[in-house]
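> Residue numbers (my numbering), protein chains in the order written: chain W, 1 to 505; chain Z, 1 to 220; chain F, 1 to 317; chain V, 1 to 675.
I should point out that these hints are in silico values taken from the structure, not numbers from a laboratory.
A portion of the hints provided could be inaccurate.
[To be verified] Derived BS3-like pairs (lysine-lysine); straight-line CA-CA distance at most 30 Å:
1) Lys368(W) - Lys175(V)
2) Lys85(Z) - Lys311(W)
3) Lys106(W) - Lys204(Z)
4) Lys380(W) - Lys175(V)
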Amino acid sequence: MPLILVLILAMGAVTAYLPLPERRIRDLGVVAAAVSSALAVYIAWPAFEAVLGTDSFINGPTGIFGPGALWYLDSLAAMMMLLIATISLSSAIISHRYLAHEFREKIVSLTDIRHYYSMVPLFVASMYVAVLSNNVGLLWVAIEATTLSTTLLVAFYRKRSAIEAAWKYVLLCSLGISLGLVGVLLTTYAAGQNGVNSSLLLSTFRDIATAGGVNTELMKWAFVFLFIGIGTKIGFVPMHAWLPDAHSKTPSPVSALLSGILLNVVLVSLLRFRQVADIALMDDGAWTGKFFLVFGCLSIAIPALIMVIQKNYKRLLAYSSIEHMGLMAFAIGLGPAGIIPAVMHMPGHALLKSSLFVGAGEIFLMYKTTDSAPVIDVWKRLPKTALLFLLTLLMLLAVPPSAVFVSEMIMIGFGLRDYLLPTLLVVVSLTVAFVAMTRHIYAMFFNPALTTASAGHMPAEKWNVTHVIMIIQLIAAVALGIFYLTPKGLELMVSIAQSLNSGLL
Amino acid sequence: MITTFTSSEVTTIALAVSFLLCAFLGSGKFRLGQIIRYYALQSLFLAGLLVSMAAYGDEHLYLSALGVIIFKVILIPAIISTSAKRSSASGRLTSFVRPAPSYFVSGITLLLAVLAGMSIAPALEETDLILTVTAFAAMFLGGAMMAVRRDLYSQIIGFFTLENGIAILAAATLGAIPLLAEVGIFFTITIGALLMSVLSRRLKELYAVEDTGELRELVD
Amino acid sequence: MNSIVLTVIQILVVLLIAPLSIGLTRFFKARFQGRHGAVPWLPYLTYATMMKKENVISTSGSWMLRTTPYAVLGSAVFLAIVLPLVATGGALAPSSNFIVVAAVLALGSAFLVMGGLDTGSAFGGMGSSREMTIVSLLEPTVILTFAAFALATGSSAIDGMIAGSSVAGELLITAPYLLLSLLALVLVALAENARYPVDNAATHLELTMVHEAMVLDYSGPYLAMMEYAAALKLTVFALLVANFAMPLPLIMTSSSPLDVLLAVGSTILKLVIMMFAVALLESTIAKMRFYRVQEFLTGAFFMALTGLALALLSQLL
Amino acid sequence: MSLTTLAIALVISVVGTFAAGLVALWPDPRAHRASNIILAVSAAFGAVVGIYVATGSNVSLIVPEALYPVAADGSAHAWPMFYGMVFGLDRFSAIFFSILSVVTVLVAVYAIPYLEHYAASYNVRSVNALTALFIFGMQGVLLSTNIFGFMTFWEIISIASFFLVLADGTEASRKAGFLYLIITHIGAGAIMSGLFLLSGGALLSDFSVIALVTPELPEVTFSIALGLLLFGFGSKAGLVPFHVWLPEAHPQAPTHVSALMSGVMLKIAVYGFLRVLLFMLPGVPMWFVLTIVVLGVISAIVGVLYAVLERDIKRLLAYSSIENLGLIFTMIGVGLLAGQEGSVDLTQAALYAALFLAASHAIFKTGLFLSSGVIIAAVHSRRLEAMGGLAQRMPMFSVAVCVLALSAAAMPPFAPFMAEWTFLQAVVGALTEATPMLKVALVVILAAVGFVAGLALFAMVKMFAIAFLAKPRTDEAAAAVEPKPGFLIPIVVLAFISLILGLFSPLVLNKIGAVDLAPADLGTQVISTGGGGLAPLSLFLVIAGISLALFLLRRLLSDVKFERSYQTWDCGQPTTPRMEYTATAFSAPIRFFFRFFLRAQKVVTATPLTPNNPWVASRTMSLLVSQVWYDRLYAPIGSGVTRLAGLVGRLQNGSIQFYISLILLALLVTLIVAL
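From just these sequences and the hints, can you work out the full model?
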């Protein structure tokens with residue numbers, strides 16, 4: 001079944017090179033995205049149906065596709081599939097309008113559009129594979145494929161800074177992922193010690209680990225390499241340098257995909273490996289939790305500080321992504337129960353961050369620059385985008401009704417019980433970030449244009465598809481926030497968290 | 001600790017040492033042509049190593065050796081040199097460290113690799129120890145090359161030396177990776193090489209940039 | 001003799017002898033300065049004639065100009081009724097709680113200040129600013145002084161404080177440590193009534209005035225009411241201090257008509273003695289520069305504070 | 001009224017407030033009036049419920065099961081929302097609920113003409129919606145009974161009020177808004193952490209459950225939690241070290257919103273503080289009680305000193321809020337201190353005095369802010385120096401403001417005086433048999449409260465006199481006219497409530513539970529505590545009687561019509577408005593007397609009129625009152641964070657070699673550390 005999904009997307013990529021006019025290519029892109037999302041939801045739905053039907057959920061080590069299969073689907077993977085589906089669909093719809101506008105203004109040529117519509121489906125396909133694959137080698141290849149497929153997208157605008165960002169992106173991420181490969185090899189070696197085992201399947205690793213057949217010393221080495229390697233791809237602080245450059249130079253629909261969903265997918269794959277390490281080390285995640293806690297706190301504090309002096313609004317959003325990844329890591333580091341808030345945080349952050357990047361894209365189209373200084377008086381010139389952007393930003397900054405608020409409060413609740421000082425550091429950094437972002441965005445929106453000349457002629461803003469998407473995702477985030485408050489919502493989240501730590505309450 | 005080695009193991013160790021020697025020498029050279037040739041030689045030794053291991057391991061290794069030869073000895077050097085020639089990049093490579101001290105740096109990284117090997121030794125069987133040490137050595141050499149060198153192409157070569165180190169580690173620890181994973185990894189590496197060369201060519205043609213020192217625009 | 005009759009007697013006596021206090025001080029001061037001076041009952045005549053004079057109202061003022069005389073005189077009359085001046089245990093004695101008294105005093109001064117500002121002249125403004133500073137910095141001293149008395153006598157109504165002892169001035173004998181608080185009360189009285197160290201009542205130099213500057217712009221009946229209020233406040237404070245200090249009889253519910261006559265005579269005697277003391281004080285010391293009044297006020301505050309501390313310590317012994 | 005009707009009224013009030021917010025967003029211009037009317041009506045419902053529950057005997061109103069969806073198996077459980085939290089109003093929160101509702105009714109009525117007058121500078125729809133949300137948040141805080149609900153609505157209050165402060169979009173309001181945002185957000189974080197520490201991280205536990213858990217908390221976490229809670233609630237209530245945002249943020253918000261913020265939001269902080277202190281914590285260590293008292297006294301003194309100095313009318317009112325909140329916290333502190341030291345009578349009197357002062361402060365402060373709105377609308381400036389002569393032009397309005405100003409200065413017939421009287425009398429009464437340590441504390445507090453009361457009178461007289469009396473200093477002031485009824489009615493009603501609350505304070509105190517403070521046997525006419533008694537109504541009747549007698553006597557003894565009006569005599573030359581005393585001049589003695597604390601620099605610049613004659617010059621004097629707290633405490637923190645950010649920003653220096661070595665370094669360090 002997942003193979004068909006990958007095939008459809010591959011076909012979408014190929015059709016980009018058919019001798020069709022530019023408009024048809026964009027339509028085909030949207031169609032491919034729609035079909036693939038529908039199929040993804042169809043695949044992922046049985047996982048949710050079980051929970052909502054209030055009977056116990058198929059969550060054992062086998063997953064939906066049976067023990068030995070190449071693919072592995074449990075509730076967490078199902079949630080990720082759902083997220084990838086929604087955000088890739090919205091990004092496709094928005095890029096339809098975004099590229100049309102760019103093409104009309106002659107910034108982008110036809111070949112560029114062909115590149116775009118060949119790369120994006122491949123990227124989405126590799127993400128689907130990364131989430132579903134049970135085979136470790138395939139997982140590694142999928143993650144590396146996400147990097148390679150987005151390199152040209154980062155260098156899409158052919159500007160010097162864009163190519164520089166692409167160069168750094170491809171080099172650093174490939175370096176990171178190869179370290180990750182070292183970790184993967186060591187894990188398979190540690191798991192395959194006694195019997196010859198060439199199955200490379202995560203589920204088999206878990207069975208061997210529960211049987212106690214894993215060499216723990218080697219497993220520790222493997223986890224360190226894995227954490228630093230894949231951590232580079234997630235953007236934990238010491239290894240985050242590529243992220244602000246890459247996410248701010250790509251066209252906005254792609255940076256919405258990158259920031260919104262790619263970071264979560266890679267984090268989930270890291271958690272899969274962590275699960276094997278936890279079962280092997282039999283300490284219920286204490287040893288591995290330390291990594292997440294330390295790197296989590298770092299990844300919250302440092303970006304929060306850098307945001308204070310940030311001058312480019314897209315880089316500001318990129319740093320906020322690092323910070324939210326740090327938040328999820330911090331939550332995971334709080335112990336076995338910490339996974340629940342982390343899992344709650346993922347959809348909220350994905351929906352809101354992608355909508356923010358899309359809004360930033362809209363502002364970029366009108367103001368032609370991602371630098372914040374010349375962007376002024378947005379409230380009066382782009383009233384619809386500004387209002388939606390501000391509301392989404394507030395939801396992201398954990399204002400009550402949003403899902404992010406619920407998850408952050410649970411996180412701080414658990415954090416205070418056993419790690420007092422790190423939690424206080426986190427609370428203060430969240431405030432610093434809150435203020436930095438609000439002040440930055442507020443200056444952009446409400447600085448009145450000094451002279452009408454500097455205002456430049458700006459066509460009155462019409463109601464376009466970006467606003468529709470932003471509204472839908474905003475409402476989804478708020479609905480999610482309220483859904484978390486109901487007992488059924490909590491039950492679903494706990495069952496998703498259980499897929500990572502079966503011993504959970 | 002010296003255990004008696006069978007004859008085929010002696011050949012593997014000899015090939016591993018010569019592989020390391022090429023990597024070590026490559027790290028000191030400052031002409032593009034030279035480091036590409038050393039990289040090809042290094043991959044050749046890797047293929048030889050795999051063949052020698054196939055003697056007492058399982059026969060899949062023959063196939064992977066063939067893959068190494070096709071991809072790493074022929075294809076990747078070809079891609080890099082064609083893109084360099086087409087964009088008429090100057091062969092001279094620049095680095096933070098002059099040639100003589102760069103050997104010194106490589107020496108230190110080798111020492112570090114041995115140290116790392118020692119500390120992981122208790123967890124491995126006897127025979128794999130030497131190969132793991134070579135793998136670590138190659139990886140660290142590649143990493144040092146990427147960190148020390150300034151220009152674009154030598155960073156690509158540094159990355160691929162690191163890749164070779166990992167290939168050795170795979171061979172040492174797992175013997176034969178299943179075919180699907182092997183092919184996947186090879187393809188990914190080639191596409192990586194392709195992309196990196198495309199980017200460097202664009203940089204060279206559009207902005208006449210060869211040295212990453214000039215790529216420092218994206219700050220804070 | 002029930003309490004209502006006592007209060008009526010007290011009202012009549014105090015309201016009648018009020019102008020005499022101003023007259024007496026002027027008379028004694030003239031004599032100290034070797035002048036013959038006017039007759040002590042001259043203020044009665046001046047207030048009566050002023051009532052008949054034309055009332056000139058400033059165009060720049062508002063309704064505040066008209067309400068100030070009533071408010072100021074009202075608060076003075078309230079104090080005269082409530083406090084134990086001639087008789088203790090009067091009808092309104094329970095509401096002579098020291099915090100209420102301090103607040104009504106402050107209310108009277110507040111209206112006086114607002115009246116002074118309303119005329120819109122620089123002198124009125126200057127006088128009001130100074131008066132307001134003095135009144136507001138005096139508030140803690142008033143509260144601490146009466147707190148000490150309340151602590152010593154156990155009742156926080158001023159009437160209760162004095163009624164405790166059968167003879168008026170007996171309080172000091174039974175609780176000698178209250179001397180310091182009494183001194184603080186004297187300083188407060190001097191500051192409240194704009195007497196010597198703080199303000200010179202007889203000055204003609206507008207720049208040095210405090211109390212006089214505020215009533216500069218009143219004339220006719222309003223000026224009479226303001227002057228009368230000032231005289232009344234001076235009498236009230238004089239008699240209050242006298243009752244605390246001098247052992248002369250006060251009318252009680254149990255006293256016969258003879259005692260009433262005796263008490264009224266002693267009240268007039270107390271007033272003469274106090275006015276003589278005030279005149280003596282004003283002829284011996286010089287007026288303080290306004291910006292040094294701060295030391296006067298801080299001195300009064302710390303005296304009251306130590307008085308209270310002494311009262312507390314005495315509880316322990 | 002049975003419980004269910006009460007609950008329905010309560011639900012109507014809360015839902016009505018939210019609906020008002022939604023209606024406000026409707027693009028049609030009539031929506032402005034409609035939303036405010038809905039807001040007023042629903043607040044009226046809230047007032048009825050609040051007063052009924054506050055004064056009822058111990059009826060604690062939990063929104064009854066009738067309104068909850070009944071589960072399938074017939075067991076009624078609370079709304080599925082908020083993890084089954086139960087919304088309820090007990091006697092204690094009902095007092096604050098009624099304050100909130102009464103003030104909201106009047107503010108909503110006032111908002112209608114105000115926003116129409118200022119339609120140009122405010123986005124009317126967003127201000128109305130945000131105000132409704134703001135009030136909804138406050139209602140939510142009062143109704144919620146577990147941490148999650150409390151924190152959610154607390155956050156709604158902060159965000160709604162933040163955007164209201166930024167409503168007029170000027171640079172100053174943005175600067176004030178962000179300062180406000182920083183402090184309230186950190187404060188909210190501190191409260192959340194403190195509450196979680198107390199409840200052991202359990203997110204859903206009810207307040208009553210926490211009360212059981214706290215006794216066996218280890219000493220260290222207990223004191224950390226207390227510190228966090230004091231910081232959280234203190235920063236929201238404007239206690240001194242964290243008060244810096246209050247005089248900046250309140251004046252920037254639209255007037256009716258700053259009235260709400262000053263009058264009611266600060267009380268919500270007091271409510272939260274008392275809810276935690278009295279209902280959740282078993283006993284509170286001595287150091288905590290002493291810090292409350294010390295902070296309360298310092299805020300009162302600092303607040304009143306700066307109120308005396310201030311020349312901007314809304315900042316003056318903001319500082320007077322700080323002073324009143326300082327007094328409230330001192331009373332709470334003394335109540336707790338007395339509780340510890342064993343004099344029970346003082347505890348009850350002090351706590352009820354604090355509650356009563358909070359209620360009366362809400363009334364008169366809202367009135368004063370609303371009237372400052374009217375003055376600013378007439379004079380187009382917030383500086384006192386630009387006002388003057390308004391009493392002549394707006395007699396009715398100025399009488400109401402005079403009543404409000406006198407009640408702000410705690411003068412006799414009005415409510416704040418009764419609260420202060422109860423507190424002072426209780427302190428004096430408790431002095432006799434208190435323990436030595438309590439004696440010293442009580443003496444210091446007695447002196448401090450006296451000092452603050454005096455200066456409060458100074459500030460309020462200055463505000464009223466300079467703004468209203470004498471001749472108008474600018475032509476806008478001269479052209480001022482009696483405000484429209486929409487403005488006037490709320491202010492007059494508030495003045496009236498302040499008077500009534502004062503006169504019938506024994507009745508009110510008795511009803512809200514202070515039974516032995518205002519005993520029923522004396523016909524609830526007298527507040528008796530600490531050996532003294534006060535009968536406010538008879539006191540008022542005596543004063544009224546005297547004034548009436550004087551009025552009649554004056555008519556008897558002199559001819560009323562024998563009157564002439566003439567310009568003020570000023571040694572002959574005509575008096576001009578420039579000769580009047582200004583606010584700066586009026587407060588000069590105090591500025592001189594307290595020059596050590598207040599650091600005010602006076603700059604007099606003389607510009608000679610004719611070049612060759614230096615003596616004939618026009619002198620202008622400017623006064624710079626430095627914000628001591630802001631420059632010493634907040635500015636360094638701000639620049640420190642920016643410097644640190646610059647330092648960290650260098651991490652992103654652009655060279656790829658640096659990034660690669662960073663990754664390898666991270667790998668090596670982790671390997672060494674972890675293995």
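> Now look at each hint and say whether the structure bears it out.
Comparing the hints with the structure gives:
no., hint, in the structure
1, Lys368(W) - Lys175(V), "holds, 28 Å"
2, Lys85(Z) - Lys311(W), "violated, 40 Å"
3, Lys106(W) - Lys204(Z), "holds, 24 Å"
4, Lys380(W) - Lys175(V), "holds, 20 Å"
In summary, the one numbered hint that this structure violates is 2.
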